[in-house]
Amino acid sequence: MQHYPQPKTIAILGCDTVVGRSLSVLLESHGYTALLDSYPTGVVDELLEDAHLLILTPRVDEGVRKAFVGAKGKSTPQKAEMPVIALYTALEDDLPEEEGAIRVPWPCETKVLIERIEAALLDVPAASTSPTTQARPG
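So for the sequence shown, this note's numbering puts the first residue at -13; every next one is plus one.
Read the hints as simulated data drawn from the structure, not as lab findings.
Incorrect hints may appear among the rest.
Distance condition first, Cα-Cα at most 27 Å in a straight line; then the derived DSSO-like pairs of lysine-lysine [claimed, not checked]:
hint : residue 1 : residue 2
1    : Lys52     : Lys(-6)
2    : Lys(-6)   : Lys97
3    : Lys(-6)   : Lys60
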């Protein structure tokens, strides 16, 4: 029996539904599945339960960003290591960086975004993506 890799799920946190929906379609066309919630309520780790990566869209309220990223991993320690990509526009270039977030200018070429996503996913220890996942042989 041949096993096919499961698609990676990416959570998108953002207030701009056009950007969020566009990202969702773009990611799905490249083999990723996307969870989209513009105004999340609930325990962050539960909201990120099936996600492997978090994308913060441009213009998300700074307080919401900090609270969401800061709460990541509080109830499920494995989620603390989940990579975060923060998209930013030229107008937001002076925003403080989220701790550990990979900053990517927006808009950008699809190729650039996919490369950053793939690099971020490769850098994650296998144990942090799922408590039951085992490292794949290289």
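Structure-based check of all given hints:
Only pairs whose Cα atoms come within 27 Å are accepted, and Lys52 paired with Lys(-6) is accepted, the gap being roughly 24 Å. For the hint linking Lys(-6) to Lys97, the alpha-carbon distance of about 17 Å falls within 27 Å, and the restraint holds. Proximity of Lys(-6) to Lys60 is assessed by CA-CA distance (about 22 Å); at most 27 Å being required, the pair is judged to hold.
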